[in-house]
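Asker: Now for the letters of each chain:
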Amino acid sequence: MTPQSEAELADLIAAARDPLSIRGGGTRALMLPQGPALSTRGLSGVTLYEPGALTLVVAAGTPLQEVRALLAAERQRLPFDPPDLAALSGRGGLSTIGGVAASNASGPARIQAGACRDCLIGLRFVDGRGRVVKNGGRVMKNVTGYDLVKLLAGSEGRLGVLSELSFRLQPLPQTEVTLTLEGIPAADQAAVMARALSSPWDVSGAASDPAAGRVWLRLEGFEEQTRYRSAKLRARLAPAEITLTEGAASAALWAGIRDLTPLAGAEVVIRHSARPSHMPGLLQLIARTAPAQVLSDLGGGWLSIGCSAAEAPALLCALQTEGARAGGHARLLKAPPAVATRLPGAPPTDPVVARLNAAIAAEFDPRGLFAPARLSAEA
Amino acid sequence: MQMPLPDPQILARREEILAGLRGLLPADGVISDPVALRAWECDALSAYRCPPLAVVLPRTTEEVSAVLRYLHELRVPVVPRGAGTSLAGGSMPTADAVILGVARMTAVLEVSYDDRFIRVQTGRTNLSVSAAVGEDGFFYAPDPSSQLACAIAGNIAMNSGGAHCLKYGVTTNNLLGVTLVLMDGRVVTLGGPFADSPGLDLLGVICGSEGQLGVVTEATLRILPKPEGARPVLLAFNTSAEAGGCVSAIIRAGIIPVAIEFMDAPCIRACEAFAKAGYPDCEALLIIEVEGAETEMAAQLARITAIARDFNPVEIREARSEDEARRIWLGRKSAFGAMGQMADYMCLDGTIPVTELPFVLRRIAELSEGYGLKVANVFHAGDGNMHPLILYNANDPEDLARCEALGADILRLCVEVGGCLTGEHGVGVEKRDLMEVQFAPDDLEAQMQIKDVFDPHWLLNPAKVFPLRVSQSRREKRA
Numbered sequence: 001m002t003p004q005s006e007a008e009l010a011d012l013i014a015a016a017r018d019p020l021s022i023r024g025g026g027t028r029a030l031m032l033p034q035g036p037a038l039s040t041r042g043l044s045g046v047t048l049y050e051p052g053a054l055t056l057v058v059a060a061g062t063p064l065q066e067v068r069a070l071l072a073a074e075r076q077r078l079p080f081d082p083p084d085l086a087a088l089s090g091r092g093g094l095s096t097i098g099g100v101a102a103s104n105a106s107g108p109a110r111i112q113a114g115a116c117r118d119c120l121i122g123l124r125f126v127d128g129r130g131r132v133v134k135n136g137g138r139v140m141k142n143v144t145g146y147d148l149v150k151l152l153a154g155s156e157g158r159l160g161v162l163s164e165l166s167f168r169l170q171p172l173p174q175t176e177v178t179l180t181l182e183g184i185p186a187a188d189q190a191a192v193m194a195r196a197l198s199s200p201w202d203v204s205g206a207a208s209d210p211a212a213g214r215v216w217l218r219l220e221g222f223e224e225q226t227r228y229r230s231a232k233l234r235a236r237l238a239p240a241e242i243t244l245t246e247g248a249a250s251a252a253l254w255a256g257i258r259d260l261t262p263l264a265g266a267e268v269v270i271r272h273s274a275r276p277s278h279m280p281g282l283l284q285l286i287a288r289t290a291p292a293q294v295l296s297d298l299g300g301g302w303l304s305i306g307c308s309a310a311e312a313p314a315l316l317c318a319l320q321t322e323g324a325r326a327g328g329h330a331r332l333l334k335a336p337p338a339v340a341t342r343l344p345g346a347p348p349t350d351p352v353v354a355r356l357n358a359a360i361a362a363e364f365d366p367r368g369l370f371a372p373a374r375l376s377a378e379a
Numbered sequence: 001m002q003m004p005l006p007d008p009q010i011l012a013r014r015e016e017i018l019a020g021l022r023g024l025l026p027a028d029g030v031i032s033d034p035v036a037l038r039a040w041e042c043d044a045l046s047a048y049r050c051p052p053l054a055v056v057l058p059r060t061t062e063e064v065s066a067v068l069r070y071l072h073e074l075r076v077p078v079v080p081r082g083a084g085t086s087l088a089g090g091s092m093p094t095a096d097a098v099i100l101g102v103a104r105m106t107a108v109l110e111v112s113y114d115d116r117f118i119r120v121q122t123g124r125t126n127l128s129v130s131a132a133v134g135e136d137g138f139f140y141a142p143d144p145s146s147q148l149a150c151a152i153a154g155n156i157a158m159n160s161g162g163a164h165c166l167k168y169g170v171t172t173n174n175l176l177g178v179t180l181v182l183m184d185g186r187v188v189t190l191g192g193p194f195a196d197s198p199g200l201d202l203l204g205v206i207c208g209s210e211g212q213l214g215v216v217t218e219a220t221l222r223i224l225p226k227p228e229g230a231r232p233v234l235l236a237f238n239t240s241a242e243a244g245g246c247v248s249a250i251i252r253a254g255i256i257p258v259a260i261e262f263m264d265a266p267c268i269r270a271c272e273a274f275a276k277a278g279y280p281d282c283e284a285l286l287i288i289e290v291e292g293a294e295t296e297m298a299a300q301l302a303r304i305t306a307i308a309r310d311f312n313p314v315e316i317r318e319a320r321s322e323d324e325a326r327r328i329w330l331g332r333k334s335a336f337g338a339m340g341q342m343a344d345y346m347c348l349d350g351t352i353p354v355t356e357l358p359f360v361l362r363r364i365a366e367l368s369e370g371y372g373l374k375v376a377n378v379f380h381a382g383d384g385n386m387h388p389l390i391l392y393n394a395n396d397p398e399d400l401a402r403c404e405a406l407g408a409d410i411l412r413l414c415v416e417v418g419g420c421l422t423g424e425h426g427v428g429v430e431k432r433d434l435m436e437v438q439f440a441p442d443d444l445e446a447q448m449q450i451k452d453v454f455d456p457h458w459l460l461n462p463a464k465v466f467p468l469r470v471s472q473s474r475r476e477k478r479a
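One line per chain: the protein sequences are F and V, in this order. Residue numbering for the first sequence follows the UniProt record's numbering, starting at 1 and increasing by one per position. Residue numbering for the second sequence follows the UniProt record's numbering, starting at 1 and increasing by one per position.
Accuracy of the hints is not assured; some may be wrong.
Unchecked claim - Some, not all, of what chain V presents toward chain F, calculated at C-beta under 8 Å: (1) D115; (2) G169; (3) T172; (4) T189; (5) G254; (6) D443; (7) V453; (8) Q472; (9) E476.
Read the hints as simulated data drawn from the structure, not as lab findings. From the three backbone atoms N, C-alpha and C, an ideal C-beta is built for every residue, glycine too.
Given these sequences and hints, build the entire structure.
Answerer: As structure tokens, this is what we get:
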């Protein structure tokens, strides 16, 4: 089913009797479809683009690549730099902007510019009752009524099908520079990144490769800014061995970190969110549990972990237990469907919070049309 | 402005309710003396007043939980209150409601510079959050103009903004986690000092829910390293259209200053008479602030002034010293005080797409003339968040009625051009009855379903946000 308009989408959902499997580009979903596929690809195109107001309104099925190209032509971008996981998942396909919003997909820029949910300023969706709902708008300061935009961002289609999205944009920086630090022991990397992030120089990316002993820090802005700031940052982090990468080479480096290219060979990829200062302990926990390849981002606040399907359950379980103890959250980014369905989801650990989640889902999707097997464990 | 009639059964049980509350809190935690209650009869929307049934001032999350559990059992409405600085009547009480104030909950609970957050009790004022980390070179970014007085609890309830949110975002973008007490007394933790949490983003919907979903007692807030320096430039224009065009051109050039403030002629003249900041006599004035090191600020200001020259400026005044910078901000920061000297005023808060600025200012001037009431405009131009101030005489009921009608027309105009009713003050009671201008019935129904989940009996701040008629059946289900 590929509705060509929001009204058609609403009719389809209102008439549905059985669970539906919402599909954007199919680059992020982990599960096997639960029922007939409902594609958003018929809802495509830009409704409004006002470069002078830094605002974009776009239909949910529009490919992410198209959005990027459109904005780049006006020297603007999505501030949260969403990853394209088509290569990681190995399935190909065209990632859609709706899939980005539904999974709150955000890249390394999140550390400074916020996540997808922070840049999403309005949306329209069709809920499980077949009702069209709008929330937010096209202006960046808006506190009129409850913020359902945040509730829908990252909800993975649990409450309805997104039909239209409004984003706050950012100008493309004139220049970017990456400082690469070599020979930093894994246990020290979070502290090095914290030192950079506690400086006044607007670090817009802080990632590391623990096994390689390498830390990357990104600076963006006008040429005089990046020149001044990279000199200051170099002095602050002395005597570390630092090389500079500029322009397109720097952009390519961060696209790889964003899209998790180094982990593309792994059967399963888990992302663990925690306090950056917990990174050394988490690396030890991972090393004790299973052979794995780790890439850190957000100053150590995100660990992306590639491992084999056989090792995945033990690793996921260890991380979820640690998350419940020390604060944090592990979720799957990539897994073969057969493996994913066997792995536990990550329900909110507090039963009261879990019940609030289930009650909201029941309000918007009383017939359970959008309840995937994995999320239904939360109910 | 209408409020529902107080529930006579609750009024009749006042003594019993007070005795119950006194059993849950220390002696100084329950206020019931009619004279003392006068201090809580309104917030910063002082045109509307009503003393509450009682006021409770707990000191811990446990006390908040005990009070809410008790009032939930008795089905007594609760109005949560931070510092009472709401301009929308967000903490305005009704005669049958208990005010739950968090003003005594001001502790700093945890600070981490490695993970760049602070965890505080929510009665703490906005500015004192920054003060707690200021000596170590950090600050909390959202800066509502009431920041000296306003509490984090109210900032979260209204998703407060400020002058610097063009670069740093508003409260919701800087709020990492909360401890929330539900109306039935259950306590939950949402989010925390990490990027992602499982399940739906409940934290995102709590922020800006105007105290209708629960009482937030603790908050984890992102802190940022302070910039090396900040410097404003003042740009004066002959027309609002030129000032508006200049704002768009700066943004198009890829420059995001930390603040772009706009003042129109009535506002400039009032501020000048009041604060004597030395502003030029012109039709429109922009104050643009940039941040960074000396050389960075100089380069950015050079770019901005070069763009401004295309818009026929009357004057470009760069701050060459701390004192000059202070004087540039002086008039803007005393704008509300200056207006208060001239007359009573109602401060609106609609947001518009920045590209509509010249048209909207022209329409506001026409409306102002039609109603025979003066309007001064001072606002955050970079994000389109307008603050038209309507001057009127509060002692004249007809004047108040005309002022309310003009305010409603201006807010309708904001929605018509693609904006919204409120950018940072909240709906409260003030914009409650205009919600249908912006939202279709299904849009409001979807929002009310969220309240049904968190507060099934509609006891928390019940007669706010949604038009009374729209929420009536839900509120009356209470008993």
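Asker: Confirm or reject each hint.
Answerer: Hint check results:
The criterion of a C-beta within 8 Å of any C-beta in chain F is met by D115 (chain V), whose closest approach is roughly 5 Å, and the hint holds. Restraint check, G169 (chain V) versus chain F: the minimum CB separation of about 6 Å is within 8 Å; hint holds. The closest approach between the C-beta of T172 (chain V) and any C-beta of chain F is roughly 7 Å, which is under the 8 Å cut-off, so the hint is satisfied. The criterion of a C-beta within 8 Å of any C-beta in chain F is met by T189 (chain V), whose closest approach is roughly 7 Å, and the hint holds.
About 3 Å separates the beta-carbon of G254 (chain V) from the nearest beta-carbon of chain F, less than 8 Å, and the hint is met. Below 8 Å, beta-carbon pairs count as interface contacts, and D443 (chain V) has one with chain F at about 5 Å; its hint therefore holds. A hinted interface residue such as V453 (chain V) counts as satisfied when its beta carbon comes closer than 8 Å to some beta carbon of chain F; here the least separation is about 4 Å, so the hint holds. Look at Q472 (chain V): its Cβ only gets to about 17 Å from chain F, farther than 8 Å, so that hint breaks.
Taken as an interface hint, E476 (chain V) does not check out: its beta carbon lies about 20 Å from the nearest beta carbon of chain F, beyond 8 Å.
Hint compliance for this structure: hints 8, 9 are broken, all remaining hints hold.
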